[in-house]
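Protein chains in written order, with UniProt numbering: chain A, 1 to 408; chain B, 1 to 196.
These are computed hints drawn from the structure, not numbers from a lab.
Mixed in with the good hints there might be a few duds.
Claimed, not checked - Mimicking DSSO-like on lysine-lysine, the simulated pairs with C-alpha atoms at most 30 Å apart in a straight line are: (1) K25(B) - K147(B); (2) K388(A) - K18(B); (3) K96(A) - K158(A); (4) K42(B) - K332(A); (5) K136(B) - K139(A); (6) K96(A) - K127(B); (7) K35(B) - K388(A); (8) K127(A) - K158(A); (9) K306(A) - K25(B); (10) K280(A) - K306(A); (11) K128(A) - K127(B); (12) K388(A) - K25(B); (13) K128(A) - K139(A); (14) K136(B) - K35(B); (15) K42(B) - K147(B); (16) K127(A) - K99(A).
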Amino acid sequence: MLRSITPLPTNSPEYKGIAELNLIYEAGLDRDSRPILILSAHRLPDPSVINYDLILANEFVESDYTLVFFSAPANYRPSWWWLLKAYRALDRRYKKNLKALYVLHLTRSYRIIFDLANRVTSPKFAKKLHYISRLEDLKQLVSLPATLIPDAVSTYDKSIPGARLVAGLETMVVDTSSHAFGRTLSDLAGMEGWDLATEPAVPSVVRQLVEHLVAHGKKSKRDTNIAHLFPFLPAGLDKEGLFRKSPSSEELNEVKAQLNHGQPVDFNLHDVDVAAALLKVFCRDLPTPVFSVDQSLTLCSLVQVKEQLGQQLAASFEEKPFEWRLLCYLLKFLHQVTDHAETNRMTAHNLAVVFAPNLIRAEQNTINLDTAMASQEVAMASATLYLKQMNQGISLLQVLITDCHDLT
Amino acid sequence: MRDSGVGKTSLMNQYVNKKFSSAYKATIGADFLTKEVMVDDKLVTMQIWDTAGQERFQSLGVAFYRGADCCVLVYDVNNNKSYESLGQWHDEFLVQASPRDPDNFPFVVLGNKVDVDESKRMQVSQKRAMAFCQAKGNIPYFETSAKEAINVEQAFQTIAKNALQQETDVELYSDFNDPIRIDNDHSNKDFNGCAC
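All chains should be modelled from the sequences, with the hints used to inform the complete structure.
Rendered as structure tokens:
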């Protein structure tokens with residue numbers, strides 16, 4: 001059965017030796033299009049003979065990858081110390097590129113020891129590690145072609161009694177008591193101890209994100225590493241496509257979760273796109289939109305007459321003082337972003353396109369964007385209506401960004 | 001369809017209008033252009049949809065996925081992140097568009113912006129992209145540059161051909177229940193190429 005598997009490319013005699021063991025093989029791509037590698041314990045060689053750098057010296061490992069480890073059955077069972085040593089023997093680069101490690105069928109006692117060792121050596125690694133009890137549970141997380149799962153592993157899986165739940169996935173539990181995203185502005189004000197008299201009257205996460213983007217945002221991780229050598233490198237506001245280009249969704253969710261848990265985040269460790277995207281996500285996740293669709297429609301008809309627009313704008317926010325303060329703060333910041341349009345290419349129009357769908361939406365979700373169940377005609381009609389609303393919203397927002405100093 | 005700023009709109013413009021604009025503009029919602037094209041001696045009208053990369057607009061694309069005859073996935077060869085979600089997009093399209101025969105639905109993958117200076121280029125290796133295409137059932141793969149018009153014509157010709165193939169299959173299927181049909185002129189028939 002294992003004949004159908006592609007072994008590692010082999011350029012040298014040592015590699016060939018390892019390849020003959022068929023120890024690690026590629027098994028397609030995971031949901032984020034990263035290569036999946038499978039390591040099967042029942043083929044493991046003597047660790048004193050094999051250098052594990054060589055085992056993983058596949059070109060795919062140069063980029064991000066996911067590793068699935070079938071820990072049972074094993075011809076000679078590796079000790080926990082052996083596993084740890086194997087991990088330690090790996091080059092730092094390989095560890096960094098390892099995005100997720102799924103360990104199947106590892107016994108409870110091994111897990112406890114492994115966990116303990118991990119807490120001491122690398123808490124970061126512990127986050128990537130998931131223990132899976134059954135092949136079925138693995139399927140929920142990674143889709144592996146059945147032909148690439150060794151027969152020995154499938155047989156072993158069938159031999160263990162009873163269904164067990166996936167362990168080690170506590171991190172996936174959603175914390176409903178968020179400290180940052182998805183809360184109303186007045187809730188956040190109460191929690192953080194500020195009110196409308198404070199300057200600026202915006203949630204701390206918004207302030208953090210904006211201040212980071214203005215002052216410290218670096219272009220990318222690579223540039224961060226050399227930034228101390230070249231202090232003249234552009235800061236966040238000069239990055240091309242700021243707010244337009246998206247960061248890695250994984251990194252985004254990770255940082256979002258940290259902020260929701262109230263943990264401090266050093267944004268310098270992340271791409272500037274992460275902070276930019278989080279500002280959009282914050283607006284999008286607000287229980288009450290900054291602009292309702294009706295509000296945006298009314299104001300949109302006034303964009304030609306600036307004096308009236310200014311008055312109406314303030315008046316329309318009378319009932320929403322927190323949203324008003326947030327809007328003023330954001331508009332001033334976005335205006336500042338357009339000052340760098342020559343380098344970041346984000347003009348008021350581009351920023352309006354990107355921000356409008358996050359700032360403007362119906363109070364109640366009258367337009368069903370989840371068109372999966374609707375007929376094609378209904379889907380097209382609601383899409384067209386939504387587009388019309390957004391086009392109006394974009395033209396309004398563009399004016400607001402450009403003229404924010406006169407209007408707010 | 002793909003992440004923001006990978007060059008979807010530019011590719012479409014280069015193909016249809018033979019122009020590259022260095023203007024930098026995020027796409028609002030969705031837009032489309034049409035072009036008449038010869039495929040196997042037949043003149044057909046290709047409708048190319050361009051969907052926005054912005055996450056909030058993306059749910060909108062769903063309405064436009066359906067009825068598409070080919071799906072074009074675009075990423076930026078200089079941007080690893082834009083490559084990494086290709087798989088998500090591929091699956092998302094199949095779920096939302098729910099084509100009759102998902103296993104044989106035509107896709108084309110374009111790695112755009114190959115014109116960027118070698119030294120800064122190729123964060124995503126050609127090998128990796130090709131491995132992806134192979135894993136998803138031998139999707140045709142092109143490395144393109146909307147700016148320098150590299151491979152754009154060839155890529156869209158393949159898109160047109162595969163889309164037409166899909167359309168013809170569907171036609172034959174529905175012809176089965178339509179015995180009175182005498183109009184066999186297949187020229188100038190519309191089909192959608194979805195450059196989402």
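Hint-by-hint comparison with the structure:
{"no.": "1", "hint": "K25(B) - K147(B)", "verdict": "holds, 15 Å"}
{"no.": "2", "hint": "K388(A) - K18(B)", "verdict": "holds, 29 Å"}
{"no.": "3", "hint": "K96(A) - K158(A)", "verdict": "violated, 34 Å"}
{"no.": "4", "hint": "K42(B) - K332(A)", "verdict": "violated, 56 Å"}
{"no.": "5", "hint": "K136(B) - K139(A)", "verdict": "holds, 18 Å"}
{"no.": "6", "hint": "K96(A) - K127(B)", "verdict": "holds, 21 Å"}
{"no.": "7", "hint": "K35(B) - K388(A)", "verdict": "holds, 25 Å"}
{"no.": "8", "hint": "K127(A) - K158(A)", "verdict": "holds, 28 Å"}
{"no.": "9", "hint": "K306(A) - K25(B)", "verdict": "holds, 25 Å"}
{"no.": "10", "hint": "K280(A) - K306(A)", "verdict": "holds, 27 Å"}
{"no.": "11", "hint": "K128(A) - K127(B)", "verdict": "holds, 26 Å"}
{"no.": "12", "hint": "K388(A) - K25(B)", "verdict": "holds, 18 Å"}
{"no.": "13", "hint": "K128(A) - K139(A)", "verdict": "holds, 17 Å"}
{"no.": "14", "hint": "K136(B) - K35(B)", "verdict": "holds, 28 Å"}
{"no.": "15", "hint": "K42(B) - K147(B)", "verdict": "holds, 29 Å"}
{"no.": "16", "hint": "K127(A) - K99(A)", "verdict": "holds, 10 Å"}
Of the numbered hints stated above, those contradicted by the structure are hints 3, 4, listed in ascending order.
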